[in-house]
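Line by line, the protein sequences are chains A and B. Note that this note's numbering numbers the first sequence so that position 20 is 20, with each residue one more than the last. Start counting at 1 in the second sequence, then tack on 157, and there's your number in this note's numbering.
Think of the hints as simulated: they come from the structure by calculation, not from any bench. Ideal placement from N, C-alpha and C gives every residue a C-beta, glycine not left out. Heads up, a few of these hints could be off.
[Claimed, not checked] If you want a taste of the chain B side facing chain A, the calculated C-beta under 8 Å gives, among others:
# : residue
1 : Leu-204
2 : Ser-250
3 : Val-252
4 : Ala-316
5 : Ile-323
6 : Gln-344
7 : Met-345
8 : Val-351
[Stated by the list, open to error] Straight-line distance between alpha carbons at most 35 Å, and here's what the computed DSBU-like set of lysine-lysine pairs gives:
#  : chain 1 : residue 1 : chain 2 : residue 2
9  : A       : Lys-100   : A       : Lys-121
10 : A       : Lys-100   : A       : Lys-60
11 : A       : Lys-28    : B       : Lys-353
12 : A       : Lys-100   : B       : Lys-353
13 : A       : Lys-77    : A       : Lys-28
14 : A       : Lys-92    : B       : Lys-353
15 : B       : Lys-353   : A       : Lys-54
Below are the chains, spelled out letter by letter.
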Amino acid sequence: MTDRRAVDVMVGAFVLLGLGALLFLALKSANLGSFSTGPTYSMQARFDNIGGLKVRAPVKSAGVVVGRVSSISFDDKSYQATVVVAMDQRYKFPTDSSAKILTSGLLGEQYLGLEAGAEEKTLGEGDRIRMTQSAVVLENLISQFLFSKAEQGVKKE
Amino acid sequence: MIGLLERWGRQVRLGMAEVGYGARFFLRLCLLIPAALARPRLVIDQLHFIGNRSLSIILVSGLFVGFVLGLQGYYTLQRYGSAEALGLLVALSLVRELGPVVAALLFAGRAGTSLTAEVGLMKAGEQLVAMEMMAVDPVARVLAPRFVAAIIAMPLLAALFSAVGILGGWGVGVVLIGVDDGSFWSQMQTGVDVFKDVGNGIVKSVVFGVICAFTALFVGYEAQPTPEGVSRATTTTVVASSLAVLGFDFILTALMFGTT
């Protein structure tokens, strides 16, 4: 009988250990702990070009994560990308805030940067951020540079 | 000429019959899972045999794989001045690939062989036939609990392997070499996704558990009931389940991480 119970205890310990390892993986090594389960409100913004922005990318203001990108779609009326973000309920932004697509570091992930405006009224559920700035596309930058160089060359002659 | 064709034809036919028989056997095992769960006693005994006894080899291997990943990852990453990404490298490679795959390979060697040998010897000793004589289905009584126990044990062992490996990588990277502790963990947490990486790793290890257990039991059940037959079956188990695990890992990786 004691043998029976010893086996049970050992199997129980094994299963607990395994589940503990899973919990460790989920909490310590992955980002389950940083999921904000708090209430959110959604806002949208239109961009000419979103570059490499992805769903679940962070929305940062002053470097602090204040929300996450919840969906990205293409609007075939204005030919722009519509980005919907889920904002943390705790943070409110003025109606004249502006959104930019920025890159963390030289080669890092892209995120949405929010810069607060000066208006009294704040953005709420379903509102749209008017002022947006697209992602910097390296190819466009290089071609602009080349064209301006070429123009200078023409003027000199 | 005709003889050659005949031989080929027979081989194809036998091969097809084997595949068909294997598939039916697999379905039969799957259908017996609820019945096996209704008798947890048997499953618990097998969990002890398969899970607890494999624990030591899984933990030690996981630790050393983590050590090596920490060292090699550090050597390569510090060349590009990004030694802080060590945590991310160690965690991603363990959770996505090495944890499930190496744990499954060790599991096939440690538990799969013993399952095959046990079932094969039961067959050789005519115990399985004796059970059938007593109107006890040997597949339900002997094989199904082992199948269920292996499927339960495999994800737990893989998770333990990954967790211990991450701790091993942390030990080498942070404690011995001196990578910054905070950025080790924070880089890991921003880069590893719960559902995409950890979740898919668990799915993988469940699939590998099914593969290893099915191969071991099927080969054991179909072994020639002689000492030679059992030894050959044991070898077949290791080779077949290792190859199947590696092949399925490629397919699963392509499906899971191919299109982000």
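Here is how each hint holds up against the structure:
{"no.": "1", "hint": "Leu-204", "in the structure": "holds, 5 Å"}
{"no.": "2", "hint": "Ser-250", "in the structure": "violated, 12 Å"}
{"no.": "3", "hint": "Val-252", "in the structure": "holds, 6 Å"}
{"no.": "4", "hint": "Ala-316", "in the structure": "holds, 4 Å"}
{"no.": "5", "hint": "Ile-323", "in the structure": "holds, 6 Å"}
{"no.": "6", "hint": "Gln-344", "in the structure": "violated, 10 Å"}
{"no.": "7", "hint": "Met-345", "in the structure": "holds, 5 Å"}
{"no.": "8", "hint": "Val-351", "in the structure": "holds, 4 Å"}
{"no.": "9", "hint": "A:Lys-100 x A:Lys-121", "in the structure": "holds, 21 Å"}
{"no.": "10", "hint": "A:Lys-100 x A:Lys-60", "in the structure": "holds, 10 Å"}
{"no.": "11", "hint": "A:Lys-28 x B:Lys-353", "in the structure": "holds, 15 Å"}
{"no.": "12", "hint": "A:Lys-100 x B:Lys-353", "in the structure": "holds, 27 Å"}
{"no.": "13", "hint": "A:Lys-77 x A:Lys-28", "in the structure": "violated, 45 Å"}
{"no.": "14", "hint": "A:Lys-92 x B:Lys-353", "in the structure": "holds, 31 Å"}
{"no.": "15", "hint": "B:Lys-353 x A:Lys-54", "in the structure": "holds, 14 Å"}
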